[in-house]
Amino acid sequence: MVGNAIMRTNDMMKWCKIGLAAAVVGLMMSTAAEADDTAFAASENALNVADAPLEWGLSGGNHKIVEHECGDIFEYPALTAWDACEGDLTDYIIVGGDLVLPDLVGDYVVTYNVFDSAGNAAREATRTIQVIDTVPPIITVFGGNPATIPLGEAYTDGPVTAFDACDGDLSERILTDNPVDVHIPGEYTITYNVSDAAGNAAVEAARTVYVSGNAILLDSLQDIILSEGMFYEWDSRIENESEVNVFQWYRHDGRHFVPIVDGPFGNGAFLGAETGALRFAPFTVAMAGRYMLEVVDDKAAVQKTASVTVHKDSELPAAGAVSLVVAALATAITGAAAFRKRRR
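Residue numbers in the sequence shown follow this note's numbering, run continuously in steps of one, and reach 408 at the last position.
Because the hints were derived from the structure by calculation, they are not lab data.
Across the chosen pairs, the derived CB separations fall in these ranges:
1. G151 / R187: 15 to 23 angstroms
2. H316 / P223: 47 to 55 angstroms
3. I202 / E251: 22 to 30 angstroms
4. H247 / V199: 35 to 43 angstroms
The C-beta atom is built at its ideal place from N, Cα and C for all residues, glycine as well.
Model the full assembly from the supplied sequences, consistent with the hints where possible.
As structure tokens, this is what we get:
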């Protein structure tokens, strides 16, 4: 340019200072008028002074693929845009591409674009969002667990639900294994399983069902060996104890079983004769023998027998016997109230 060069800029032109130098961003048109001895010539030249390229930055790292767990709250990966002339252009980023569905497994391509005020476009940035499903469903068992039903009575299973963060309600897809036979007393386990669309299997859930009635679930009494003066609680194991109306302990007197009554017995004492646990308070050799526990519910009675024997070399001096009688009386009077009687 020489002489009186005329500078013309369009509406998008602006000045950008880089260091101590000045440059015109955008399209700059210059017209030079030149004269010589014989003629006047005019020429028009175009110069394109380009702004520096815009720079991208991804918050949290420049990852091209971002994984997102299905069902979680989704937020688009944050990008920053920087222009050497205008500075931070993050607020002007245009997000496009696929609409990410955070509850639907798949790959989504998200695009990011931005322009500076001179109309310079940044190179488009893309991110692939992979919605994945790695979390299994959860099974919830409602109602009685364990549940108890009378022998022969129809059984209707309680409600069971399954929920998956990605697939939602999976209750109708639960696989149930129900082996309950209401005609055979016993303990049964119903199991529940389900998997989501991604193949994630839920932790197996279960319900225990007791079928009781003519055969109360009373485990066999165990034979025991006791020493003179020992305090001992002889507990029965009844899985459906809440269905029992009557407990009664018996002791064989050599001819038949006689109901036991709480209180002194020889140099010892009994407590809990009408509960599921008979206490020797204390035990004395006169108590050795054959015992029976009778359990009664609304439909039937069940009896179990076992033996109590004396530990070898178990002896008690005469003075000790007197002391045990006094202790047994005190225990029978003050301790009986502490035992639960199961009678309806």
